[in-house]
Amino acid sequence: MLSHVPQAVEAYGIALLNRLDGMAGLREGLRRIAADRGDWAGIPMPMSDTPLVIEPSYPKAAELMAIGRNAEPEEPGWTKVNEWYSRRRRQSVLIGRDLAGKLHWGYSGAVHHGGLELATLGASDAWGIEQEARAVRLLGTLVRHRQFKQYLLTGMFIERSPRSGVHYLFRKLRPTLALRESRDDMRILCALCLHPIAYYAGSWGGGMCPTDDVIAHLMLMRGDEPMFWRRANQHPPYRSEAGL
Amino acid sequence: MTGSVGILNVGAGDTKLSFDPNNLAERIRACRIVRDMLRRGYALLVEVTQPDGTKAYQRALDFREDTAEYIIADFDPGAGEPQTFINEHEHEETGEAATDRAAAASPKTKPPRGRPRKAIPAEGVRAVAVARTAGG
Numbered sequence: 001m002l003s004h005v006p007q008a009v010e011a012y013g014i015a016l017l018n019r020l021d022g023m024a025g026l027r028e029g030l031r032r033i034a035a036d037r038g039d040w041a042g043i044p045m046p047m048s049d050t051p052l053v054i055e056p057s058y059p060k061a062a063e064l065m066a067i068g069r070n071a072e073p074e075e076p077g078w079t080k081v082n083e084w085y086s087r088r089r090r091q092s093v094l095i096g097r098d099l100a101g102k103l104h105w106g107y108s109g110a111v112h113h114g115g116l117e118l119a120t121l122g123a124s125d126a127w128g129i130e131q132e133a134r135a136v137r138l139l140g141t142l143v144r145h146r147q148f149k150q151y152l153l154t155g156m157f158i159e160r161s162p163r164s165g166v167h168y169l170f171r172k173l174r175p176t177l178a179l180r181e182s183r184d185d186m187r188i189l190c191a192l193c194l195h196p197i198a199y200y201a202g203s204w205g206g207g208m209c210p211t212d213d214v215i216a217h218l219m220l221m222r223g224d225e226p227m228f229w230r231r232a233n234q235h236p237p238y239r240s241e242a243g244l
Numbered sequence: 245m246t247g248s249v250g251i252l253n254v255g256a257g258d259t260k261l262s263f264d265p266n267n268l269a270e271r272i273r274a275c276r277i278v279r280d281m282l283r284r285g286y287a288l289l290v291e292v293t294q295p296d297g298t299k300a301y302q303r304a305l306d307f308r309e310d311t312a313e314y315i316i317a318d319f320d321p322g323a324g325e326p327q328t329f330i331n332e333h334e335h336e337e338t339g340e341a342a343t344d345r346a347a348a349a350s351p352k353t354k355p356p357r358g359r360p361r362k363a364i365p366a367e368g369v370r371a372v373a374v375a376r377t378a379g380g
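These protein sequence lines map, in sequence, to chains A and B.
Quick note: the first sequence, position 155, residue 155 per the numbering used here, numbers continuous.
Quick note: the second sequence, position 5, residue 249 per the numbering used here, numbers continuous.
Next up, chain B with everything else stripped away, as it sits in the complex (with noise of 0.2 angstroms):
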């Protein structure tokens, strides 16, 4: 399955972006959507299958537009500790700079807060992209 985000829209009716990995300008075009639309406050839930192989929904905390994984928090008990959280940050950065921030990180360190996080890639999952909301 190619992973596809529908954006619901005004005027157009749903708008679809797919993450084909044949069709590389296309691939891009929907990262750099993506991660323009998660700039703009819109939610976007990503159908996440869980440990118990049922599919749920969740929302997107954030995308690497590189990789074209969305990054959402972790409800599996057994897999999400908080180093998992700390190793993606560090994925991020050049090496040179991971090495100092490691070194500089004493064993004492206090783990971060909230849920830890996992990266889902794009190409295998859909998901429906939601503007804020005015209300009612």
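For reference, chain A alone in the conformation it holds in the complex (with noise of 0.2 angstroms):
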């Protein structure tokens, strides 16, 4: 809480935010159950159109990940053989198998990242305005004033690890870059993705709001590195997943 704003002004805030958010009920009645099953971190909130991935060790992870799927896949009248990715076309190409047994082949995905904006933008509906203000004056207590700034004007900001020189570029709702100096100019190692408990699929939306998840990546990196390595996903530059 602000020290020069009076806790009424706040409540009376948080409730005029509550009132006009249609997902303010269903994220407080998660967090109460959060705290009576011993659930830390709280509990990601499924949504309808956009599939949750939770981490498999989470309690009711199958479940949870079930709300929002169809029960039953539609029959896809091939199978796959083969995929990989071109990186001179930037998409995937895929190998199928039909009924009858004859072969077919395509490509698969955009070049561009406009669907994992769309559905980044689908995600900001499990978030809250308030648990986003808190993140953000918990960030302000982590991060020198420029960087904090750097922050808040543009989504991002960059720190160098003092263990292995690598400068690592944090983002608000993409993945992390990592890069390493040479000569006068950057080189891009890849771009970090991972969030805590959750993620909704096929989008840069995690189940924390976005500046926890950036926190989340910053003391990672800061308590122990290579941990933030094993655990992220290392997408190269040029797939659309790593936001560039």
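Calculated directly from the structure, the hints in this document are not laboratory data.
The structure displayed is predicted, hence computed values, not measured ones.
Positions of the beta carbon are idealized from the N, C-alpha and C atoms, including for glycine.
Worth double-checking, as some hints may not be accurate.
Covered stretches of chain B (chain A as the covering partner; in silico rule of three or more C-beta atoms under 8 angstroms from a C-beta of chain A) [unchecked claim]:
1. 246-253
2. 270-281
3. 286-293
4. 297-309
5. 367-379
The two chains are supplied separately, each in an independent frame; assemble them into the complex guided by the hints.
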């Protein structure tokens, strides 16, 4: 809580936000259940259009992930034989066999990340302004003033690891870029994508509000850099998932 | 400064635990939750003062509930000898068990693998807890 804002004013503001936010009731209900169950990091909110991918050891992960997914997947009419990524075309090449046994091939995915952008916009219904505001306040206590200002104004900030010398560009709702200084230039090593507990499939959104994801990246980098690399998905910079 | 733990939370925003020595109930609750979080695989990043006076975050390897201390890897080359590690484990045992173990240990016993560990009182530091990750 900000020290110069009276408690009653802040409570009124939160109540007003919750009245305007259609998902606030569900969020509050999940918060109470999580507190009763001892889920200290809360329960991720299932969405009807954007399926959740939850860390497998999380309690009831399979049941939560089943919400919003089709119970019976449609019969595709063909089976996948092989798939690989073409750097030249910036798309996946797919080879499949139809029911008659004939082979077919084609390209899958788009060269842009418009789909990921729209899915991320859809996932934003799960997060609340109050939660994001708390995360921003916490981030403000963890970084230098210049970094915090950069984050507020551009949604990203950079920090160099004293151990490895790698620079990390932490970005809101995008994977963190690992950069290596070479001569007068910066070379992108990869984009590190990681979400605590859960993320929404096909988006850049995690179960936690965007700034909490940034804090998780920052803290894991500072506290245990090898673990950060081990746990994160490492996307090459030319893939659309890298968000470049 | 009162030690605290900020837990990144999905639904409630960040929640905070406090190791306030004047609030025993909250301190006991915080100890239990921290121990439980480590059991569940959370990463607990603790702000530790380095030998050169700067502050850096390190991951807690364990937590002593009775004394409210984080156990971290000791990166100080001067202070960290394997003997420190052995003494810390003896501290946890009862007097009789520790004596038996010390008597049985031969001088040629190999030191334990890995870095030595040290205890950091939770009352004086702040930490951030990050739940297990689902990749991305």
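(message) At least three residues with a C-beta closer than 8 angstroms to a C-beta of chain A: is that true for the region 286-293 of chain B?
(response) holds (count 4)
(message) Count the residues of the region 246-253 of chain B whose Cβ falls closer than 8 angstroms to any Cβ of chain A, and tell me whether that reaches three.
(response) holds (count 4)
(message) When I compare C-beta atoms, does the region 297-309 of chain B have three or more residues closer than 8 angstroms to chain A?
(response) Holds, because 4 residues of the region 297-309 of chain B bring their Cβ atoms closer than 8 angstroms to Cβ atoms of chain A.
(request) Go check the region 270-281 of chain B versus chain A for me, would you? Three or more residues, Cβ under 8 angstroms, otherwise it fails. (result) Held - the region 270-281 of chain B has 3 residues with a Cβ nearer than 8 angstroms to chain A, which meets the minimum of three.
(message) Using a Cβ cutoff of 8 angstroms, are there at least 3 residues of the region 367-379 of chain B near chain A, or does the coverage claim fail?
(response) Holds: 8 residues of the region 367-379 of chain B have a Cβ under 8 angstroms from chain A.
Hint violations for this structure: none, all hints satisfied.
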